[in-house]
Amino acid sequence: MNRFAYREALTVQEAVDILSREEGGRVIAGATDVLIRWRQGAWKPRYVLNIKRIPGLDAVSYSPETGLSLGTLVTIRTLERHALVRHCYPALAQAATAFAGVQIRNLATVGGNACNASPAGDTLPALLAYGAVCRLVGPAGERLVSLQHFFQGPGLTTLQPAELLVELCLPPLPPRTGALYIKHSPRATMDIAAVGVASVVSLGEQDGICQDVKITLGAVAPTVVRAHAAEAVLQGSLVDAARIQQAAQAALEDARPIDDIRGTAGHRRAVIAPLVRRTLHYAVQMAQGTELSLQTQRGLAVEAIF
Amino acid sequence: MADRTSLGRNYPRVDAADKVSGRSQYASDIYLPGMLMCKVLQSPKAHARILHIDTSRAEHVPGVRAVIAGRDVPDVRFGNGAVKDKRIFALEKVRYIGEPVAAVAAVDEITALEALDLIDVTYEDLPVVNDPLDALKPDAPLVHEDLPSYAGYKPTMGGNICTVLEADRGDVDAALAQSDHVFEDTFRSQGINQGYLEAMACVANVDPSGRINVWTSTQAPYQIRATLADVIARPMARLRIIPMELGGGFGAKLRMCVEAYPVLLALKTGKPVKLIATREETFTLSGFRLPTIVYIKTGVMHDGTIVARESISIFDMGAHLGAGVQSGVSHTLGPYHIPNYRMRSYAVYTNKIWAGSYRASGVADVTFAVESHTDIIARRLGLDPWAFRKQNAFHEGDLAIQGSPIPRNGLHETLEAVKQRLGWPRKSAEGMGLGLAMCQWRSGSGPSTASISIQEDGTVSILTGSVDITGTDTVFAQIAAQALGADLDHVVIARRDTDLAPFTGPSGGSRIIYSQGKAVQMAADDAKHKLMALAAEHLDVQPGMLTCANGRVYVTDNPERGYPLGQLARMSLTSASGPIMGTASLSSMPFAPIFSTQAAEVKVDKETGTVKVVRFVQAQDVGVAINPMAVEGQIDGGVIQGIGRAILEEVVIKDGKIVNPSLTTYLMPMAADVPSVENILVQVPTEDGPFGARAVAEPPGFGPPAAIANAIEDAVGVRLKTLPLSADKILRALQGEPPEATALDPDLLQRLRG
Amino acid sequence: MKHQLSLSINGDPYEVLVEPYCSLLDLLRDQLHLTGTKKGCDEGDCGACTVLIDDQTVTSCMMLALDARDKAITTVEGLVQDNTLHPVQEAFVQYGGVQCGFCTPGLIMSGVGLLLENPDPTEEEVRFAIGGNLCRCTGYAKVVQAILKAAETMRATAS
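Protein chains in written order, with the numbering used here: chain A, 1 to 306; chain B, 1001 to 1754; chain C, 2001 to 2159.
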């Protein structure tokens, strides 16, 4: 635990300037990840840079043309409760409800969760499945990077020195779209996922044909990953129970789980297919117009006893 | 006859208002002028000789006021129990990762931590003994080479065996030979942390007069005083231990863990010194439950009568004698009448932190084994698990394992109550199952004292040395109010420390209501008799013609004639026998068993192996529920701890290093993980407990692991013999993988049979 | 190097000097001696350090003190008004929701936070709302009951 210094920025440019000028800084928003690593002695930043005072970075906006825009400082609690997120991007709201506990959700930010780049981060499978794009600002200016390419490895992102994530943009979704995130963990709150699965399914005008599908897996690879082989089974095809089961099995092809304190590779592998199958089943139901109450969605997301 | 009664009242805890408003003072809430912060340097090695310690660099860090290590303290060995195998600092070698080697006092914690990094210790590695089975091998490295020279050591088979306990009755080999069926199973349970919310904390200060004040989070102030006096070589009368509000202990704080360090540093610096353990240090500075192996062999007749039992239990004791080995002889019968038995229980040293106490240490492990084994037998014989238990359960008069006849109790009532509540037997829905387990314990005994004074305004003050963990202060108030016929709102429990209150045993082991509460009742009766004697004198009647009730002592047939308690107190100030005080002192109480029956209903997800407890019913004989709300609260808490043990918790230790010393990775149940317990309080009063009360608090945690393991078998046909009952294990079993081997080597068993 | 910090706690303004690495929890306890808020794990896992910031619950060990600049903090001490307990505090007392008491302030803050947002929660909603508060003594049942009873009382008072 070193004695770090404190910096604050009031604009994005100021933040970039500080990071460019002074070495050894860590950006903090919610500060949750940084404080934990610092107390463990894993991180010894020379200084922390607080970006929470930068106005406008906590905005949530939506339009049917451009989709959902999430400022990097949007808290997980906002994701959980915001009507636009719940209605239009339910897997993200479900993931938020599965995230730690209320107190942490009030502090933690979606940008922080992305930049922490844990393979098990709860919002990441849903963000990836919704095709999120990251807007980064740095000394060289602004650039857009798909979330897929943002993650480079466990805890590693493509952020360049002095670069900041300022916004996540989720493209608009076709009308008949449903989604479910399931977090597999021993407890209904507070855990880091042992396995996380999100499926987003869009059905075409003709009932039963899958127009678009994204299936993502968390905690079973160095980063959150797309289950491409599983998606290929469904893309453009008639969706029925047998196809869903086939897709679920195929999801294993993109998983490379390891043994760790939260589970063995073997157990992780064993539960991927059932969880993918379940997310697909409910995503399809929702796409077909079945309303699932928030309570039901939460219950499914955290494998609750209720 | 009393118009109002204090028994059976859900009187709110007397300390609750302070706790909900944040006014209660725990040890870490004390701030004294000039106070320094203490951190302890812990061994990074599981087993190594200490060649050299150099504290000079640490001493020169600005803000550091003192650094101490083994060479700076008296050469004293002490112990958690009978065998004196511990030192407060490792001296010639370290025996576990985390063992204290030095300590620093500095102006703040960050400075103290910087100083720790600058203490240079040179170690020479020694071979590490990782688990008891390795420790029992003939050529195993010795954790304590000088074990035979330690005070309190009783010769055993040698090597790393710390303690052996035995219990025998009848002829078990003959009975097994004559049995129609013999069943043999081995069960393994895991390392468990007590999980108290308040990590250890202590502030020490030395008065100008030389008295050492120690404000600490402890369950056993008198035991701390005795141990401290020993290790710092000072007289007990110079040590004042002030037990602060206790934020959970469950046994972890029955013995001295951290107090010596702030005390020694306060003596050295002349300043107050505070130590607050981190959450990680609740795994490395204080012992917790270590893994246990229990082998059981049972002989049963065709008709389901159990006639013989043999058990061999191996307790991983860690580096110092801790708790639990007793349960390998006291609990392996279960609550069953078995006329022939042979029990052996071994405490084995390994290179880990000692096996600490946790809410009747070892009994949960043994109960998991016994009650799983009971179900296995029932199922193999095609018998209903409830009926099989009912058939063999103790009756009044049967001999308990320590030889005493079992007095009247509610065991069978608890069995019937659960059966009725569940509608047993009944078929469960797909993927769901029901499982039973029975728990047994005994009400705790031990030295207990109390004194009661009546104030001049009629209010009542109670002084005892116990620490209020489970709401016992409130129950004492109810007991005293009931005995004296006083208004419960006017009964106060005095704040106490070891200077103020006479000796009492530790607050733990289900001791406090049964023994300490009894002392309170006796002291109240003593005060009552003195009040009545004084009143009789003034009213010129025999004491037998008086009633003490409703805050007065009055002539039974003429209630107008009498005195309020306060007036009697004032009168006593000038009476021949002086101010009225009721006192009581006792050292042991008669045997009063506790029995309960528990049932878990589980839902198993066959595709992921996840098991959830959707319903939990339990019936416990509490004797008399003086405060039903407090009793239920204790049972609720114990059951949820048991559910945590059953499916969530495990301290993972690899090569002596604790892999998960954190609440992120050591998982305890949260509110959304568990149901509300359905409590049935059976009340069969004891002969001797205060108003018939029995102890309550420890048994509820014993049953859930077996109840849940039994429910899992009922639900999906899978039998697990190791804890925790994880999704991984269940899924692998469902997919046909052979279960993890638990059985012990037959040669080892034969050796341990003795 | 210490930085100046202005904030409001339980309605009172404070001007303090804090190190950058001082958490809000350590500021409350070590400097201001508002010891009702407890430290259970210092890593956000137990909820014993829960306080309200502008009506939202947060684990104060997971926040830098400097991050609380110009914020309005409520701690458990601030719930008592004119020597009267808040209905949630009172319910914990009456319904056996308190045992060792160490998790209690944090649990109460979570209960208060929940009822500010949702005055009529179901049992399930209560359990999830306190899902970030570890209790080792009560098994949660009486805590949940207390919060539900407090909600009842508060709804009755409001109407």
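Just so you know, the hints here were simulated from the structure itself, not pulled from any lab data.
Computed from a prediction, not measured in an experiment: that's the story for all the values here.
Keep in mind that the hints are not guaranteed to be accurate.
[Claimed, not checked] In silico BS3-like cross-links for lysine-lysine, where the CA-CA straight-line distance does not exceed 27 Å:
1. 1654(B) <-> 1606(B)
2. 1657(B) <-> 44(A)
3. 1603(B) <-> 1654(B)
4. 52(A) <-> 2149(C)
5. 2149(C) <-> 44(A)
6. 2002(C) <-> 2071(C)
7. 1084(B) <-> 1268(B)
8. 1390(B) <-> 1427(B)
9. 1137(B) <-> 1093(B)
10. 1657(B) <-> 1137(B)
11. 1093(B) <-> 1654(B)
12. 2071(C) <-> 1271(B)
13. 1419(B) <-> 1271(B)
14. 52(A) <-> 2071(C)
15. 1268(B) <-> 1093(B)
**Prompt:** Which numbered hints are broken by the structure, listed smallest first?
**Reply:** 1, 3, 4, 5, 12, 13
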